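In case you want the letters, here they are:
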Amino acid sequence: MLNLLKMDAYRFIRNKTMYMLLLLFCAFQIFGIFMMGQYSQEMEAGGGVAVGSLDASEFIQYTLSQPPSWMLLYITVFVVYFYMSEYQSGFGKNYMSMRRARIYTILAKIWISALFVGLLFLTMLVSDWIGRGLFFDNTTWGDAGYFVKLLIGQFLLHWAFAILMLCITVLCKNLLAGVIIGFVLALNIPGMLLGALESLMNGVNISQYWLVNTLVAVKDFNDAGEFAQTLLVAFVFIVLFAAIAVRHKIREDLN
Amino acid sequence: MPDTIIEMKNLTKAYGSKTVVKSIDLSVYRGEIVGLIGKNGAGKSTLLKMVAGLVHPTSGELHFFNRASADGQSFFERMGVLIEQAGLYPHYSAFENLKLLAIAYGLPNANAQIDRLLKTVGLENSGSAKVKSFSLGMKQRLGIAAALLGSPDVLLLDEPVNGLDPQGIVEIRALIRELNKDGLTILISSHILEELSKIATKYAIIHQGEMVEVISADDLLHKCEERIELRLEAIEAAIPVLERELKITDYKVSDNNTVYVYEEGAQIRQISKTLIEHGIEIDSIHKHQQSLEQYFLARTEQAGERHA
Chain R
6 MLNLLKMDAY RFIRNKTMYM LLLLFCAFQI FGIFMMGQYS QEMEAGGGVA
56 VGSLDASEFI QYTLSQPPSW MLLYITVFVV YFYMSEYQSG FGKNYMSMRR
106 ARIYTILAKI WISALFVGLL FLTMLVSDWI GRGLFFDNTT WGDAGYFVKL
156 LIGQFLLHWA FAILMLCITV LCKNLLAGVI IGFVLALNIP GMLLGALESL
206 MNGVNISQYW LVNTLVAVKD FNDAGEFAQT LLVAFVFIVL FAAIAVRHKI
256 REDLN
Chain D
109 MPDTIIEMKN LTKAYGSKTV VKSIDLSVYR GEIVGLIGKN GAGKSTLLKM
159 VAGLVHPTSG ELHFFNRASA DGQSFFERMG VLIEQAGLYP HYSAFENLKL
209 LAIAYGLPNA NAQIDRLLKT VGLENSGSAK VKSFSLGMKQ RLGIAAALLG
259 SPDVLLLDEP VNGLDPQGIV EIRALIRELN KDGLTILISS HILEELSKIA
309 TKYAIIHQGE MVEVISADDL LHKCEERIEL RLEAIEAAIP VLERELKITD
359 YKVSDNNTVY VYEEGAQIRQ ISKTLIEHGI EIDSIHKHQQ SLEQYFLART
409 EQAGERHA
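Which chain is which? The protein sequence lines are R and D, in order.
Here the working numbering = 1-based position in the first sequence + 5.
Here the working numbering = 1-based position in the second sequence + 108.
Read the hints as simulated data drawn from the structure, not as lab findings.
Predicted model only: the values in this text are computed from it and were never measured.
Hints should not be assumed to be uniformly reliable.
Unchecked claim - Residues on chain D that point at chain R, a partial pick, calculated with CB under 8 Å:
no. : residue
1   : Y197
2   : L209
3   : A254
4   : Y359
Said to hold, decoys possible - The calculated DSSO-like cross-link candidates involving lysine-lysine, where the alpha carbons are at most 30 Å apart (straight line), are:
no. : chain 1 : residue 1 : chain 2 : residue 2
5   : R       : K11       : D       : K126
6   : D       : K238      : R       : K21
7   : R       : K178      : D       : K360
8   : R       : K11       : D       : K331
9   : D       : K227      : R       : K11
10  : D       : K331      : D       : K381
11  : R       : K11       : D       : K207
12  : D       : K240      : R       : K178
Don't be surprised by glycine CBs; every beta carbon is placed ideally from N, CA and C.
Please take these sequences and the hints and turn them into a complete structure.
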């Protein structure tokens, strides 16, 4: 697997789209904070959140809970593009007959998506720090323990979303369809439908376990139960969709 | 007995209700260049994809190096594959594409090998030019270089001269011969018989997914050679006359009633006159010559009639 991971990493670091996405994300993140700064007083006056006084953890929670989740959109574009560029070029056919290559190619892409999600989080931290410093004069990080738990939880949830997107792309083998499905998921339309369905059925509450709902919900990561639920949801989605993607790839005819 | 490199037994592939490859049996021996001949859509590419491990057979068995493919897939790593268009990243250079593949194969210090391969296929001057700017012929050459990376034992080539100019075709043909001389076993498909006839040592004719005939290049040449076809009842009596009186030594008894005479300079008139003088009745005698295309068409038409 290491060889295929190295190959994908070689492609990853030479991928201009990846750098462009990170740069775009950074620019929009800072611009978003600038816009928040413009309307922060009106928001506070209207009983809204005092964004300027939030520490880093609270600020991340606040921005992630605002739909649509921009990070999910960037993850969608990257994952679909990274997988489909290899699939459409037919490059995979050169090495796919190697021993266990079908399994390893998916696992390599899962690790690469983790790398991208990590870079996305790093970009978010840096751009939030710059934006909050410039427009709110506030660069406080808050409680370190809470901050680390928040990052671990959110990283795993976003990585699980990347794997879900990889699985969808492996199944549908279509760039446009993959991106559209990703956008629908990022807008949390399935979560809304699930919520609507729940309201029709008494006593059923499964929407809290839906990945995007867990991702956008403001949680207390110091609460062991909430933190465990976050890890559980992430773990289930990671394992389930990685397994489906690998299984499909093994059975797939490469025409 | 020669080493069997690839052995297909009842190999079948169906997509839904459509069977595109039907119970193919074929053995490829070490050092052979096997030409897979068939019209477009005959099932050549699907067959090669099954051999390459890209497409799963619906039924049947594949053996490599005398081991069943179900035993494991490590033998696939001993194959170089170029099927249909070369699988290349358009935004990378020729070198970068091969570099990526070398990393996937885990080849240490691959740069020298990549440079050598690019030189072998005539792309040593492609530099940093991206593959998207390459002509179809250049892409095919790079595809062949990719297939040769890692020094495989077997090369699977599907229509490798597609898109090449005449000079490119000659160069690739020379390259294939050279590789074969170095011990590489090659399974090559084409619908251009003329091209295959210059390199193949064995032919496998495939039509509508079925193997019509497997024939050695020598036998095919013999079948297509100019000859006199002689049909008669008393074949045992005719042979000594042909040998003694007409000094004919290059002939073949096809069946109980037919003799093919390949002897250069043999004349129909002279043969019939001599046989009649010896009291041997002739049912028919005529000159026969068939091109490879005619032979191929005749065989596929026969196969088509069997289906009808």
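Task: Hints violated by the structure (numbers, ascending) - done: 4, 5, 7, 8
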